[in-house]
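Undergrad: Here the structure of chain A is known, so what remains is to put chain B in place on it, guided by the hints.
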Amino acid sequence: MNFGFDDDQLALAATVRDVLRTHCPPAALRTARRPSWDQLAGLGFFGLLLPEEADGLGLALVDVLPALEETGRACLPGPVVETAVVAPSLLAGVPKLASGAVCVGVLPPGQAYAADADLADLLIVVRDGAARVVHRPDLLLEPRRGVDPARPLFEVRYARSEPLPAPVGPALLRGTVATAAQLVGVARELLSTAVAYARVRTQFGAPIGSFQAVKHQLADVAVAVEFAAPLVYRAALTLETDAAERDASAAKAAAGEAATLAARVALQVHGAIGYTEELDLRFWLARAWSLSMAYSTTAAHRERLRVAIVGRRP
Amino acid sequence: MDLDFTAAQLAFRAEVRDWLSRHAPPPLPSLDTPEGFEAHRAWEAELAGARLSVVSWPEEYGGRGASLIDWLIFEEEYWAAGCPARVTQNGIFLLGPSLMRHGTPEQRARWLPRMARGDDVWAQAWSEPEAGSDLAAITSRAEPCPGGWRLYGHKTWSSRAAYATHGFGLFRTSGARHKGLTYFMFPMTDVAVRPIAQLDGLPGFAELRFDGVFTPESMVLGEAGEGWRIAMATTSSERGLTLRSPGRFLATAARLAELARDADPALADRAARCLVEAEAYRLHTFGTARRLMAGEEIGAAVSMGKIFWSELDLRMHALALELLGDQAGGWLDGFLFSLAGPIYAGTNEIQRNIVAERVLGLPR
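First to last, the protein sequences are chains A and B. Start counting the first sequence at 1; every next residue gets the next number (full-length UniProt numbering). Start counting the second sequence at 1; every next residue gets the next number (full-length UniProt numbering).
The shape of chain A in the complex, shown without the other chains:
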């Protein structure tokens, strides 16, 4: 029993964090579609989970969880989970995947629109339990309204596609857990942003963070994040077991709820200035909402958990 990350896993996260700080600052979220992707590719980020014969490092998902949290913390745009986590299980044979030269999008089951499909060189479409891959020239995209300005949604049509023979379920579960890790990162960043603001914003002659009504809301966010994260870590460790689906749902539901609570409280703590397009906070609010709906909504995961744990009503 050794339930904590090792030095290598944390060092990888620290490296990713440094790159994102420099190359994906909040200002970049307004101007670029894929800030810092080149630098991450240079680190080998997109090959971390690929086997060595595909020029990857052959790491396990748990090894990259802290790094994925960092991509959430930075609100990194683009189909990161899809390209770095889902694609390696389904498209390991695609040349240059490890180099980051191929950007991959995913349209998971239960979702009408594909996020970030405008960036995708290859789009994996999962319908009726089977996956097909569509090449960029064959894609016809219609923008659809979504909540996250840095994670746009598209209705997808295509005339030509190729079937993917590999079973798609395990890859989607990995994407679910990776998204949950990003949500933990989003929640942590929302919490620290709100705490920083509560320390400096003064009203009635005192920092608003000294008022118990504010303190207790922020403490509740800290508790929610603290106890969501271990469920995400577990889900990465049980991917190859019978509990994989159930644990992935627990991870995604808890992380989604923690992040949406963090968003709600961060907005409340900021007050009117938080309710503006000008403040960078809006990107993290939107990411909490958009990722909590990705790879099935929180409600869908809660329902799966109910059936898995309590059973169906006879």
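Don't take each hint at face value.
[To be verified] Where chain A lies over chain B, by a calculated footprint (3+ residues, C-beta under 8 Å):
(1) 252 to 262
(2) 272 to 279
(3) 285 to 293
(4) 303 to 315
(5) 353 to 363
If you're looking for bench data, these hints aren't it; they were derived computationally from the structure. Even for Gly, the Cβ is constructed at its ideal location relative to N, Cα and C.
TA: Coordinates of chain B only, in the frame set by chain A:
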């Protein structure tokens, strides 16, 4: 990072499960009744006979020198087997760790083995009528006398004090708010005890009056003036883990999931949620144990755990009552006990202040 138990840990789990399956008693009368108190004490002696009452303590004090992980395994098995509440818990989980850290070799040798067997049962004496959440406001005092100290004052909400043999708590030895407090142990013999019935009608609390109660120098824990530091140090180390182990909540959540099997999906959803949260607490605790075993202190983060498990316990028992209606029966004891969780060991309002100020760094 892994979630794997070693062969030795699996063997320990099997041993505990086997022993409990043969020795776990049928439900005992409440430990807040005279006959229940004695029955729980006898159970502690039986556990101690198998060296299972305090597995993580050193062997010389009645334990097995087991790791925190083993202790967590023991707790999972203990509560899954439906075993009795621990009448010794103030001693073994609160005073014991403080003695281990701050006691003299003589104090440890004298008190710990007796505590581990339930020979002595310890009551805690922290709160006073005017010092609850503001614990450092206590006014009960100790005055030096030949051979020891005389205790004066008034303590209340003292758990187990109606039947306990000994007590421990903080008394003022000088005026300084925190540094004027000293940690005393004392025999209950000369303390005037007025039992106070709790919500269940049984005397789980008592009020204690000290009118010059003598306690020898050998029952002072640490130096005079160190009481606050000692009490708080224990709170933020092992006790964060030992106050309420995940095993108890996992067992409750598993029974609740069973109870919800034929229930409306909205209620069943809440039951599933509770089980996942109990699992989250378990996983989180394994992470904390890893850090403690590596020599780290967990500090104020303990408060996050206390908020989480106490409010989970409340939700679980409230749900059980909704599922069972007027047939809640034995769940009522757990329900009433769960209501105490957000109050004892520092109210959850105080815990949220601690999280906000000492974990998040918000201004006081």
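Undergrad: All hints are to be evaluated individually against the structure, with a verdict given for each.
TA: So, going through the hints one by one against the coordinates:
1. 252 to 262: Since 4 is at least three, the answer is holds.
2. 272 to 279: Coverage by chain A holds here, the residue count being 6 at a Cβ distance below 8 Å.
3. 285 to 293: Three-residue rule met by the stretch 285 to 293 of chain B, so holds; n is 5.
4. 303 to 315: holds (count 3)
5. 353 to 363: holds (count 9)
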